[in-house]
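Chemist: What follows is the residue order along each chain.
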Amino acid sequence: MGFLELVNIKKSFDKTKVLEDINLTVEKGQFVSLLGASGSGKSTCLGIVAGFIHQDSGKVIIKGVDVSSFEPQERKIGMVFQDYALFPHMTVADNVAFGLKMRHCPLKERMAKVKKVLEIVGLEEQFHRLPKELSGGQQQRVALARALVLEPEILLLDEPLSNLDAKLRERMRGELRRIQREFGVTTLFVTHDQSEAMSLSDMIAVLDKGQIVQYGTPENLYMEPKNKFAADFIGRINFIEAVVFGKNDDISGEYLALDSGGRRWVGTTVDGSVLTKNQRVTVAFRPEDLTIVAEDAKSGDKEENTFTAEVVQVAYQGSFTYITLRVEKTGEEVIYLAFKNLEKFQLNHYLKFRVSRLQLLTD
Amino acid sequence: MLKKFKQLLNFIVLFLIYSFILAPLAVVILVSFSESSRIVVPPASFSLKWYANMPKYDGLFQSVKASTIIAVVSSLVTTFIGGITSYALYKETASARIKWLQSFFLLPVVFPQIVLGIALLILFSMIRVSNDWIALIVAHSVLVLPYALRIIGAGFQGISPSLEKAAHTLGASRWKTIWYIFVPNLMPAIFGAFIFGMIVSFTQFTITFFVSSGTVRTLPLWLFNYIHYMFDPGIAAVSTVMIIVMAISAYLLDRLVGVGNLMEITSGVKG
Chain A
26 MGFLELVNIK KSFDKTKVLE DINLTVEKGQ FVSLLGASGS GKSTCLGIVA GFIHQDSGKV
86 IIKGVDVSSF EPQERKIGMV FQDYALFPHM TVADNVAFGL KMRHCPLKER MAKVKKVLEI
146 VGLEEQFHRL PKELSGGQQQ RVALARALVL EPEILLLDEP LSNLDAKLRE RMRGELRRIQ
206 REFGVTTLFV THDQSEAMSL SDMIAVLDKG QIVQYGTPEN LYMEPKNKFA ADFIGRINFI
266 EAVVFGKNDD ISGEYLALDS GGRRWVGTTV DGSVLTKNQR VTVAFRPEDL TIVAEDAKSG
326 DKEENTFTAE VVQVAYQGSF TYITLRVEKT GEEVIYLAFK NLEKFQLNHY LKFRVSRLQL
386 LTD
Chain B
31 MLKKFKQLLN FIVLFLIYSF ILAPLAVVIL VSFSESSRIV VPPASFSLKW YANMPKYDGL
91 FQSVKASTII AVVSSLVTTF IGGITSYALY KETASARIKW LQSFFLLPVV FPQIVLGIAL
151 LILFSMIRVS NDWIALIVAH SVLVLPYALR IIGAGFQGIS PSLEKAAHTL GASRWKTIWY
211 IFVPNLMPAI FGAFIFGMIV SFTQFTITFF VSSGTVRTLP LWLFNYIHYM FDPGIAAVST
271 VMIIVMAISA YLLDRLVGVG NLMEITSGVK G
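The listed protein sequences correspond, in order, to chains A and B.
Quick note on our numbering: the first sequence kicks off at 26 and runs consecutively.
Quick note on our numbering: the second sequence kicks off at 31 and runs consecutively.
Accuracy of the hints is not assured; some may be wrong.
[Said to hold, decoys possible] With a Cα cut of at most 25 Å, we get these calculated PhoX-like pairs of lysine-lysine:
{"#": "1", "chain 1": "A", "residue 1": "Lys-141", "chain 2": "A", "residue 2": "Lys-101"}
{"#": "2", "chain 1": "B", "residue 1": "Lys-33", "chain 2": "A", "residue 2": "Lys-126"}
{"#": "3", "chain 1": "B", "residue 1": "Lys-79", "chain 2": "A", "residue 2": "Lys-157"}
{"#": "4", "chain 1": "B", "residue 1": "Lys-206", "chain 2": "A", "residue 2": "Lys-126"}
{"#": "5", "chain 1": "B", "residue 1": "Lys-121", "chain 2": "A", "residue 2": "Lys-42"}
{"#": "6", "chain 1": "A", "residue 1": "Lys-133", "chain 2": "B", "residue 2": "Lys-206"}
{"#": "7", "chain 1": "A", "residue 1": "Lys-157", "chain 2": "B", "residue 2": "Lys-33"}
{"#": "8", "chain 1": "B", "residue 1": "Lys-121", "chain 2": "A", "residue 2": "Lys-138"}
{"#": "9", "chain 1": "A", "residue 1": "Lys-101", "chain 2": "B", "residue 2": "Lys-121"}
{"#": "10", "chain 1": "B", "residue 1": "Lys-121", "chain 2": "A", "residue 2": "Lys-88"}
What the hints contain is simulated information worked out from the structure, not anything from laboratory work.
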């Protein structure tokens, strides 16, 4: 049994289904991201865990206790809001002490705890400042300190980094994870930023249209996306449409698929699901799983998992370069990652590639 | 050169507008220092005798006292009702009837005061309210409530909804959230509503004239009565004191909520 469990959560607003049967298990001390576009239901999910929104059906279980009927103040959660929600009329210290005061913590103990937590987040100098006198990053850390000083069972973060500028956001990511580890607090993090989710999380739940599309480690999500949405949402990926021709006789679980250009693709499905002849599939592969096998154009694609493509765009990024290629005959655009020897990638020049690792996705 | 000319033009126009607005007040103040017992502008000679004379006026002190009591009580009542109603509206922000309700609460301002006065007079005689104090406090509260609602409502608009949620996650109950979060952040709006209510009530004539049976006489009623019989600079002296008190109130109001905000507030439903 997990530390935090969402069981069959459903929620509609005015007949619009926002969450359809959400099931999620979070282990103690884990940092879990709810990743999705706006309207995916991720914030509603967080609101339900916090107790601001009541689910139509299903349960929220914290440490084995069904807290569905509990008010937010009874749930032992800490929350950091997108706008930080610092109390503007209180100093940093008073903001952080507020929760302790509400819980009737004696003054002396309160002071000691506030001091300690402000040291951890690196704000011991800002004790008597008002929130408006602090920078965005500092405000964010006050909000974090205010939530953590109560030693909550669960920490909820609602896009806390989205109001910071790009450089600071990067730095606060590391800060956030360090502080979360220091407290060992089980954390649920809502974000639309996949790179944020990837770099911070132990586990990521990808949400789309009120459903969890896939739940796994960042690596698992990247390497074995279950469907096109999950694959496309996390990292860069290439798709080529194809039709199943049959099983690969040599290796069990492998299928042979043909694209409209007659190229042969051999690969497996992610969860070992069975494919039938003439079923439409998407051949999916990451840019780094491509290797150049021939630099002379139009040598034909007789071998399986190879294709010829034309260079249509070269986007220099510094440490690497995105090469956009147009696949011959079928016309899909795919991305290749080049680290050196950029002179090979002349516009309108044809190259032949092999895909070393691919998956057949059914939707 | 052109810029200087524009600045000069600006200054002249502003000066004329302010003169137009303030000239009558200036005349009243000027006349109040006159020595003659007839109203002549400008006065031939000056004295403070009309101010010194003020305590002798029959019923003036009583009427100031009555006006003050009615203003304070009705303003307290409306600030309280305005506060809790604004809170209810704030909690319902998402619902569609909110705009409708906001417009509804503005109605007493939109109605001609004479209509409101007659309506209240009929109502009070129907339900047999014979006590002038109660009648006047209720009548003034009806008139003042929309202002209180707008001022405190605007105060609520400045409070992020996440503050309330944050307070709840930190363990504050609904009442504690009101006390520790809403009230301190709304303090300027609450004081502003109170002072503005006092001004509206204190200077109110039309409705008071209809509702009062004569046992309680407010300052505007006293002034009205006085010029019926006498037309001397005494009335200017009383008016001058009133102008000064109102000017101080307006200054306080500006410091608390800002006159700019107030204009937006009183000019109608936002958005």
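Chemist: Evaluate each hint against the coordinates.
Modeler: Okay, the hints, checked on the actual structure:
no.	hint	verdict
1	A:Lys-141 / A:Lys-101	holds, 20 Å
2	B:Lys-33 / A:Lys-126	violated, 59 Å
3	B:Lys-79 / A:Lys-157	violated, 54 Å
4	B:Lys-206 / A:Lys-126	holds, 11 Å
5	B:Lys-121 / A:Lys-42	holds, 23 Å
6	A:Lys-133 / B:Lys-206	holds, 22 Å
7	A:Lys-157 / B:Lys-33	violated, 38 Å
8	B:Lys-121 / A:Lys-138	violated, 33 Å
9	A:Lys-101 / B:Lys-121	holds, 24 Å
10	B:Lys-121 / A:Lys-88	violated, 32 Å
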